[in-house]
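**Q** The residues making up each chain are set out below.
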Amino acid sequence: DAGVTQSPTHLIKTRGQQVTLRCSPKSGHDTVSWYQQALGQGPQFIFQYYEEEERQRGNFPDRFSGHQFPNYSSELNVNALLLGDSALYLCASRYWDRNQETQYFGPGTRLLVL
Amino acid sequence: GNSVTQMEGPVTLSEEAFLTINCTYTATGYPSLFWYVQYPGEGLQLLLKATKADDKGSNKGFEATYRKETTSFHLEKGSVQVSDSAVYFCALRGGSQGNLIFGKGTKLSVKP
Numbered sequence: 028d029a030g031v032t033q034s035p036t037h038l039i040k041t042r043g044q045q046v047t048l049r050c051s052p053k054s055g056h057d058t059v060s061w062y063q064q065a066l067g068q069g070p071q072f073i074f075q076y077y078e079e080e081e082r083q084r085g086n087f088p089d090r091f092s093g094h095q096f097p098n099y100s101s102e103l104n105v106n107a108l109l110l111g112d113s114a115l116y117l118c119a120s121r122y123w124d125r126n127q128e129t130q131y132f133g134p135g136t137r138l139l140v141l
Numbered sequence: 486g487n488s489v490t491q492m493e494g495p496v497t498l499s500e501e502a503f504l505t506i507n508c509t510y511t512a513t514g515y516p517s518l519f520w521y522v523q524y525p526g527e528g529l530q531l532l533l534k535a536t537k538a539d540d541k542g543s544n545k546g547f548e549a550t551y552r553k554e555t556t557s558f559h560l561e562k563g564s565v566q567v568s569d570s571a572v573y574f575c576a577l578r579g580g581s582q583g584n585l586i587f588g589k590g591t592k593l594s595v596k597p
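Going down the list, the sequences are from chains A and S. Each residue of the first sequence is one higher than the one before, starting from 28 at the first, in our numbering. Each residue of the second sequence is one higher than the one before, starting from 486 at the first, in our numbering.
Next comes chain A alone, as it looks inside the complex:
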């Protein structure tokens, strides 16, 4: 059973460009969350998708948007890139077991904005 997968693994963009990152959750997981991890920091929650809708959002500007597809995979889009958007972007899918939730993380996409 494949875990959470993300693509691409690395990406280099320039300021002002747009980027799309992709995530496929673990089999059987229907909820996807995105996190931004700046260098030397803990991950920060961007948003969560369930049933193809954004259900929760963290403190990120509208330049950050997303989408979830019927197969539960998800995309994160960032417009008008800033240098400060350089980070590791992590996707997590949610699993329920005996009424307890656990989030499983993918390996991340490392984005560098020049």
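Treat the hints as calculated values from the structure; they're not laboratory data. The reader is advised that the hints may include incorrect statements.
Just so you have them, the derived chain A footprint on chain S, three or more residues with Cβ under 8 Å [as the list claims (entries may be wrong)]:
id, segment
1, 528-536
2, 587-596
Computed spacing ranges between beta-carbons, pair by pair [to be verified]:
id, chain 1, residue 1, chain 2, residue 2, range
3, A, Asn86, S, Lys592, 37 to 43 Å
4, A, Gln68, S, Ser570, 17 to 23 Å
5, A, Pro35, S, Pro597, 22 to 28 Å
6, S, Gly514, A, Tyr122, 19 to 25 Å
Nothing here was measured: the structure is a model prediction, and the numbers come from that model. No residue lacks a Cβ here, since even glycine has one placed at the ideal position from N, Cα and C.
Following the hints, put chain S in place on chain A, whose structure we already have.
**A** Relative to the frame of chain A, chain S by itself:
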């Protein structure tokens, strides 16, 4: 609002030493608590969790006890190995549908 505070690193230990990484939290209600580990160049892996007061999470020799009275969830291991070298993150989830809130992470280096 909810928050997590971890002891600052880096922490450097010799192999077989005892490890403690402190974690305290601020939250309303009864959060679930987690420790995640991040090996170099990789994403996060769930190490252990506890969902209610006095629960003890354990995995791979690591353990942590949910202490509501001190709002703490300290990570411990009796004898660390070189392969435990990684960054450790304490996190909480405030509700059944809530997102994870992470501490800043503690880098552990274990020397042979």
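**Q** Which numbered hints does this structure break?
**A** 3, 5
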